[in-house]
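Novice: Sequence:
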Amino acid sequence: MERVVLDSYAILTYLLNEKDAKRVEELLNKARNGEVKVYMNIVNLGEIYYIIARRKDVDVADFIIANLLKSPILFTPADEHLSPIAGRIKAFHKLSHANAFTTATAIDLDATLLTGDEGFKNIKDKVKIEWL
Numbered sequence: 259m260e261r262v263v264l265d266s267y268a269i270l271t272y273l274l275n276e277k278d279a280k281r282v283e284e285l286l287n288k289a290r291n292g293e294v295k296v297y298m299n300i301v302n303l304g305e306i307y308y309i310i311a312r313r314k315d316v317d318v319a320d321f322i323i324a325n326l327l328k329s330p331i332l333f334t335p336a337d338e339h340l341s342p343i344a345g346r347i348k349a350f351h352k353l354s355h356a357n358a359f360t361t362a363t364a365i366d367l368d369a370t371l372l373t374g375d376e377g378f379k380n381i382k383d384k385v386k387i388e389w390l
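Going left to right, the sequence shown walks through residues 259 to 390 as our numbering numbers them.
Take the hints with a grain of salt, since some may be wrong.
[As the list claims (entries may be wrong)] So the derived label-pair ranges between C-beta atoms look like this:
hint	residue 1	residue 2	range
1	K288	V316	17 to 25 Å
2	S329	T370	15 to 23 Å
3	K328	Y308	17 to 25 Å
4	E388	V316	29 to 37 Å
5	D383	D317	38 to 46 Å
6	V316	H351	17 to 25 Å
7	D366	R281	20 to 28 Å
8	L327	E260	20 to 28 Å
9	V318	E283	30 to 38 Å
[Unchecked claim] Only pairs whose alpha carbons sit at most 25 Å apart, straight line, appear in this in silico DMTMM-like list of lysine to aspartate or glutamate:
hint	residue 1	residue 2
10	K379	E276
11	K295	D315
12	K288	E276
13	K295	D317
14	K348	E284
Hints were generated in silico from the structure; no laboratory data involved.
These figures come from a predicted structure and were not determined experimentally.
Cβ atoms here follow ideal geometry from the backbone N, Cα and C, with glycine treated the same way.
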């Protein structure tokens, strides 16, 4: 079954109804129908929370996170297995901490990373990326 990892860029595109929101919506609908598995690392959930809390407020962030947790997205932990993978990626590539975990998740799951974040351009040889 196809596996896709979403980063915070992809989710924020969807939540804010930006240009490529339909692609993310289509993927989430396929996940609801059991046609694809969609993942996100829990670190990205924290990133989404603080971005929404800053742009809107904490109550909106709480609401969005609660709904994401009910969505078909499968959240992966930042655990003792994934942390060293993310650490190696971060050590040798210019990525944020959250993006290192996103990349590590995609590599670990042999999944495609869905993003529009230009920060991932320097790791495109490490992971398959679908660009928004």
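Novice: Hint by hint, say whether it matches the structure.
Specialist: Evaluated hints:
1. Roughly 32 Å separates the CB atoms of K288 and V316, a value that falls outside the hinted 17 to 25 Å.
2. Under the hint 15 to 23 Å, the C-beta atoms of S329 and T370, about 18 Å apart, fit the expected range.
3. The beta-carbon spacing between K328 and Y308, approximately 20 Å, falls within the hinted interval of 17 to 25 Å.
4. Against the hinted window of 29 to 37 Å, the Cβ-Cβ separation of E388 and V316 comes to about 32 Å, which satisfies the hint.
5. Between D383 and D317 the beta carbons are some 42 Å apart, a value that agrees with the proposed interval 38 to 46 Å.
6. The hinted range of 17 to 25 Å is not satisfied by V316 and H351, whose Cβ atoms lie roughly 32 Å apart.
7. The hint said 20 to 28 Å for the Cβ distance between D366 and R281, and at roughly 23 Å that hint holds.
8. Look at L327 against E260: about 22 Å separates their beta carbons, and that is inside 20 to 28 Å.
9. Between V318 and E283 the beta carbons are some 20 Å apart, a value that contradicts the proposed interval 30 to 38 Å.
10. Proposed proximity of K379 and E276 is supported: the alpha carbons are some 21 Å apart, at most 25 Å.
11. With a C-alpha separation of about 31 Å, the suggested pair K295 and D315 falls outside the 25 Å cut-off, and the hint is violated.
12. A hinted pair counts as satisfied when its Cα atoms are at most 25 Å apart, and K288 with E276 qualifies at roughly 20 Å.
13. Taking the CA atoms of K295 and D317, the gap is near 29 Å; set against the 25 Å cutoff, the hint is violated.
14. Restraint check for K348 and E284: the C-alpha separation of about 31 Å exceeds 25 Å, so the hint is violated.
Violated hints, in rising order: 1, 6, 9, 11, 13, 14; the structure is consistent with all others.
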